[in-house]
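A.B. asks: I would like the entire structure built from these sequences, with the hints used as guidance.
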Amino acid sequence: MALANQMLKSGEEAERRMEEIKAAVPPEKTLEVSDLSVHFGATRVLTDLSFRIAKGSALAIIGPNGAGKTVLLKTLIGSLPFSGTVRWAPDVHIGYVPQKLDLERDIPITGVDFLNARAAVAHKPAVGLCSVLALVGIPSEVAQRPIGAMSGGQFQRLLIAFALVADPNVLLLDEPTAGVDEPGQEQLNELVRRLQKSQGLTVLFISHELSVVYQYADNVLCLSHEHAWFGPPSTILTPESLRQIYGGEVSFHIHDH
Amino acid sequence: MTTESLLLSVAMAIAAGLVGSFAVMRRMSLAADPLSHVALPGIGIALALHIHPVFGAVVALGFGALLVWAVEERGGATTESVIGVVFSAALAIGSLMTTGEDLIEALFGGAGALSWSEKIFGLSVAGAIVVFIIVFRNSLVIMMVSPDIARTAGINVRRFDLLYLESFALTIALGLRYLGVLLMGALIIIPAATAKRLAHDLNSMLWISVVLSVMATTLGSGLAMHLHREAGPIIVLVATALFLLSLMPRRPSKK
Chain R
37 MALANQMLKS GEEAERRMEE IKAAVPPEKT LEVSDLSVHF GATRVLTDLS
87 FRIAKGSALA IIGPNGAGKT VLLKTLIGSL PFSGTVRWAP DVHIGYVPQK
137 LDLERDIPIT GVDFLNARAA VAHKPAVGLC SVLALVGIPS EVAQRPIGAM
187 SGGQFQRLLI AFALVADPNV LLLDEPTAGV DEPGQEQLNE LVRRLQKSQG
237 LTVLFISHEL SVVYQYADNV LCLSHEHAWF GPPSTILTPE SLRQIYGGEV
287 SFHIHDH
Chain X
208 MTTESLLLSV AMAIAAGLVG SFAVMRRMSL AADPLSHVAL PGIGIALALH
258 IHPVFGAVVA LGFGALLVWA VEERGGATTE SVIGVVFSAA LAIGSLMTTG
308 EDLIEALFGG AGALSWSEKI FGLSVAGAIV VFIIVFRNSL VIMMVSPDIA
358 RTAGINVRRF DLLYLESFAL TIALGLRYLG VLLMGALIII PAATAKRLAH
408 DLNSMLWISV VLSVMATTLG SGLAMHLHRE AGPIIVLVAT ALFLLSLMPR
458 RPSKK
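Taken in order, these protein sequences are the chains called R and X. Taking our numbering, the leading residue of the first sequence gets 37, the next gets one more, and so forth. Taking our numbering, the leading residue of the second sequence gets 208, the next gets one more, and so forth.
List time: in silico DSBU-like cross-link candidates among lysine-lysine, alpha-carbon distance up to 35 Å:
| id | chain 1 | residue 1 | chain 2 | residue 2 |
| --- | --- | --- | --- | --- |
| 1 | R | Lys160 | X | Lys403 |
| 2 | R | Lys136 | X | Lys403 |
| 3 | R | Lys233 | R | Lys65 |
| 4 | R | Lys233 | R | Lys160 |
| 5 | R | Lys91 | R | Lys136 |
It is worth saying that the hints were derived from the structure and are not from the lab.
C.D. replies: Listed below in structure tokens is the structure:
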């Protein structure tokens, strides 16, 4: 009995030591951005931005319209010229969900064509497509429709499915649930959360919904026209700082689940 | 029409159907015409230097595609302005350089004897274009939906853009003998535009476009021989008739 107690105690101690070691080792970085500046002609959009993102964490990017949130994501995927450094970990595979796409309604490309194309480019068998469709909540008859004929919410789900087809370890989401119905938004937010936890995905997402940011983000990068703030939600999302950022009263409530 | 000429025109039509499918989906329909005009000064220079006009056209079209590609990067209205101005100027200069019978043939196509070099060039280029579009159709589809997404999927968007534009330019070069500078753009665009109305997915789009393009080319050439007229305008009229047929109201599909 005494021996058993002792063993239990030493077990607890070992666990505590392990925790301490974990805390002492700096977490692996997936992304390191330093002195990033982007300008279009004479207009500066982003100025000397620096931040780092730990592997497996979730970063919310918030800020008023025109603060450069979408520009930041496009810069991170290499679509825009910039100065400064953007350093991704070498093993990174990015899944990117853009904000809004301008598509012709009558384009004869179906949802299945689109996902098949991604699987083929990644040299993956197309058999996993059904499970991805189920994950994002697209019925198979909707996936057979031309992408231009889908509703905004359906197409948004398809874009998320597209980002997931090739097994990414980083997700960049530009307002991923814009146009999706309320239960769907929750389903998709929970999906991203689940993938982040179970597969160690690193997630960067743009959102205007502060309650969602509070609930899902480990860190918040807040862009405003003059400044940028970076830190955990509890320190960034205070009434004072929000007033400074958005220039008015902003209130939000935290959903309980 | 000889068997060899028929074979060559079918190969050209297949390439046009495939290239046209993506041109229509990428909303490049209006760029097809002006780009084909740049062939004319190339033909003029080639005639002056006593080399085969097709090769002059290929060089000029290659430069034309490169120019579109280079200004596309700047984006916005500049692309359309550049295409409008440069390629109209090319047509004007080309018309001054080429005269008489040569000019009519360059503009509307005309049958001269097929040289060996032209046959080999035509078949190998058409084959290369067909292989390129079929092998890389998935990358082209993703790029068409969003270049940003394509980049994150590891697709070299700029390189594929150039390769596609050059395929487009070479397809025009293939058709110059049959349809000429003014009408070749139509064979690339009209069957694909018809297919876009009828198709329900990517594969059916590509198939329908190729079948219609081949139908227009063979039926048009046959009809032209029968009527003792030039083939180019008749081919375009057959393609147009097929397009008009596709506009006919269809019965609502049963669910």
